[in-house]
Amino acid sequence: MERVPVLKIGDILLVSIQIDMSDQTALALQEDLAERIVEIGAHGVVIDITALDIVDSFVGRMLSTIASISKVLDAETVVVGMRPAVAITLVELGLSLNGIRTALNVERGMKLIAASRENDLGHDEEVKDPEPGQAATSA
Amino acid sequence: MTAGVDLSPKAQAIGSDEDVVRVRQLVRTVAVAVKLSLVDQTKLVTAASELARNTLIYGGGGNAEVTVVDDGRRRGVRIVFADSGPGIPDLDLALTDGYTTGGGLGLGLSGARRLVDEFIVETAAGKGTRVTVTKWSR
Amino acid sequence: MALTMEESGRLVGLLTTHAERVVQRWTDIVAALLRGRLSQAELRLQVQELHRSMIDAGAEGLTDIQSGSAGELRASLAELSRGWARQGFSATETAVSLYALKDVLFELAETGEVELRDVVVFGGLVDQMGLFTFETYVQTREGLIADQAEQLLELSTPVVKIWDGVVAVPLVGTLDSARAQVVMERLLQTLVDTGSPHAIIDITGVPAVDTQVAQHILKTVVAARLMGADCIISGIRPQIAQTIVALGIEFGDIATKASLADALRHVLRLTGIEAARRQPRREA
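Residue numbers (the working numbering), protein chains in the order written: chain Z, 1 to 139; chain A, 140 to 277; chain U, 278 to 561.
If you're looking for bench data, these hints aren't it; they were derived computationally from the structure. Keep in mind that the hints are not guaranteed to be accurate.
Stated by the list, open to error - No more than 20 Å apart at the CA atoms, straight line, and that leaves these computed lysine to any residue pairs for SDA-like:
id, chain 1, residue 1, chain 2, residue 2
1, Z, Lys111, U, Gly420
2, U, Lys496, Z, Gly94
3, Z, Lys71, Z, Glu39
4, U, Lys496, Z, Val91
5, U, Lys534, U, Gly482
6, Z, Lys111, U, Leu545
7, Z, Lys111, U, Thr548
8, Z, Lys111, U, Gly549
9, U, Lys438, Z, Arg108
10, A, Lys174, U, Ser344
11, A, Lys174, A, Ser147
12, U, Lys496, Z, Arg101
13, A, Lys174, A, Ala263
14, A, Lys174, A, Ser276
15, Z, Lys111, U, Lys496
16, U, Lys496, A, Ser176
17, U, Lys534, U, Ile513
18, U, Lys438, U, Gly549
19, U, Lys496, A, Leu177
20, Z, Lys111, U, Gly389
21, U, Lys496, Z, Gln24
22, A, Lys174, U, Lys438
23, U, Lys438, U, Arg463
Please put together the full structure from these sequences, using the hints given.
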């Protein structure tokens with residue numbers, strides 16, 4: 001079984017999925033990530049799915065689970081690089097990926113984690129973890 | 140026009156996790172050969188992934204057959220997933236969003252139906268299940 | 278309506294024996310019909326080509342226009358009608374030009390070169406050829422229309438980057454389901470290509486929205502969110518707002534603004550907040 005490598009950049013974990021994962025590989029990634037978050041005390045996880053040409057309900061569920069696990073472990077997960085065709089298909093499939101934060105690319109994903117970390121540390125007394133829409137109403 | 144592209148029917152056994160990946164790759168190849176749009180390719184491959192997983196988990200394995208179809212005006216890809224598992228006792232329920240007996244999200248069958256143009260399920264208790272899906276080029 | 282092998286043989290005989298007369302008269306009749314829109318020489322070449330294909334097909338036993346031996350004849354007919362369709366000749370002109378062969382046959386019957394019974398039989402074949410031509414003509418025109426519709430789609434759906442990180446689609450004209458889909462796919466792709474996290478869908482120029490189109494817009498907004506971008510819809514007309522409410526379509530938490538300018542201002546204010554947030558860190 002192939003394994004997806006997990007890279008460490010500062011206190012952020014970066015996962016770039018480059019292969020068509022079997023369900024076992026996806027589950028293994030989920031476990032690896034949980035362990036690595038605790039191991040290095042990561043506060044953010046960026047999952048790059050630019051190379052994935054489909055996301056089915058199994059992978060969708062894996063992403064949701066990773067987001068939930070990392071939240072429990074005090075780390076924020078951002079899924080980046082979803083292709084338009086994949087996003088359209090997910091909407092049609094009925095998968096909303098609730099609770100997952102998304103960004104267009106790795107760079108923006110890293111910024112998103114940094115920004116929400118700042119909020120956590122109290123630089124900004126405004127609402128924690130603002131959605132774009134919420135930020136507008138509070139402005 | 141289609142010189143060099145093999146459009147003969149192709150079969151793939153579904154007996155393991157890796158076979159689900161192989162079904163996806165096979166369907167993708169055929170969808171590209173038939174010139175489905177990128178979004179349609181993605182929808183079809185995603186549906187195939189869901190259905191192949193169903194065949195593996197609920198049907199206890201089976202096989203998928205991918206064929207190119209032509210109705211005179213346009214071409215399409217048809218995939219038949221067949222297993223000889225326990226069958227689906229309540230089809231209407233199984234097609235409901237969010238219903239699952241396998242611990243998934245319950246979007247496999249109902250979601251796959253929304254991703255294709257034609258969707259036929261034939262099932263009999265104790266005899267197995269046969270799901271036929273077709274996606275036409277636009 | 279099919280010809281027997283014997284009749285087919287007689288047809289070949291007739292066309293060969295009176296080759297010059299058939300081609301000349303056929304050309305004359307069609308030329309009169311088209312009133313000089315195709316040069317006599319060009320027309321004659323086309324008629325000769327048809328005449329030759331008919332003889333060739335007949336020699337192999339032409340019994341029916343759909344039969345295997347008529348392959349080359351069908352190709353000639355198709356080529357002729359495709360050419361005429363593109364040059365702007367009408368369907369009637371194209372078909373009647375073939376039926377002109379019947380007039381030639383009648384003339385031959387009048388002078389006793391061919392029996393009336395055979396004229397009727399051959400006429401049946403000519404009818405088939407005419408219908409085949411007509412069908413090819415329609416197919417060609419449909420192809421032209423489809424191509425033009427596609428070109429129109431390309432022209433009418435620009436996705437433009439209007440600010441750093443902001444793309445907009447000003448939608449103009451009636452949105453059908455197919456067009457809505459194309460626009461949405463293009464919008465999402467542009468978000469990726471330009472790395473823009475904000476999109477504005479402006480529907481000021483859209484006269485009406487039905488359930489399907491509204492659904493497409495909604496799905497696009499959700500898809501954009503999955504990709505990490507935010508969509509704003511601007512320029513909703515009062516009638517469309519009424520339709521949306523009447524149809525019971527839930528716009529939920531999607532941001533809507535009165536005009537494209539308002540939407541842009543809204544986005545800039547949002548990004549301004551982001552910039553302001555970064556500042557304290559630099560000072561610290």
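Verification of the hints:
1. Z:Lys111 <-> U:Gly420: violated (50 Å)
2. U:Lys496 <-> Z:Gly94: holds (10 Å)
3. Z:Lys71 <-> Z:Glu39: At roughly 15 Å apart (the allowed maximum being 20 Å), Glu39 of chain Z and Lys71 of chain Z satisfy the hint.
4. U:Lys496 <-> Z:Val91: Given that 20 Å is the threshold and the Cα spacing comes to 6 Å, the pair holds.
5. U:Lys534 <-> U:Gly482: Holds, because 15 Å separates the two Cα atoms, which is no more than 20 Å.
6. Z:Lys111 <-> U:Leu545: holds (18 Å)
7. Z:Lys111 <-> U:Thr548: holds (13 Å)
8. Z:Lys111 <-> U:Gly549: The given pair, whose Cα atoms are some 15 Å apart, holds under the 20 Å limit.
9. U:Lys438 <-> Z:Arg108: holds (18 Å)
10. A:Lys174 <-> U:Ser344: Answer violated: Lys174 of chain A to Ser344 of chain U is near 31 Å, above 20 Å.
11. A:Lys174 <-> A:Ser147: holds (15 Å)
12. U:Lys496 <-> Z:Arg101: Since the Cα atoms of Lys496 of chain U and Arg101 of chain Z sit roughly 18 Å apart, the hinted pair holds (cutoff 20 Å).
13. A:Lys174 <-> A:Ala263: Answer violated: Lys174 of chain A to Ala263 of chain A is near 35 Å, above 20 Å.
14. A:Lys174 <-> A:Ser276: The given pair, whose Cα atoms are some 7 Å apart, holds under the 20 Å limit.
15. Z:Lys111 <-> U:Lys496: violated (27 Å)
16. U:Lys496 <-> A:Ser176: holds (18 Å)
17. U:Lys534 <-> U:Ile513: holds (8 Å)
18. U:Lys438 <-> U:Gly549: Holds. Lys438 of chain U to Gly549 of chain U sits at ~18 Å (cutoff 20 Å).
19. U:Lys496 <-> A:Leu177: holds (17 Å)
20. Z:Lys111 <-> U:Gly389: Measuring from Cα to Cα gives roughly 94 Å; hence the hint is violated.
21. U:Lys496 <-> Z:Gln24: violated (31 Å)
22. A:Lys174 <-> U:Lys438: The hint is violated at about 30 Å.
23. U:Lys438 <-> U:Arg463: holds (13 Å)
Checked against the numbered hints listed earlier, the structure breaks hints 1, 10, 13, 15, 20, 21, 22; every other hint is satisfied.
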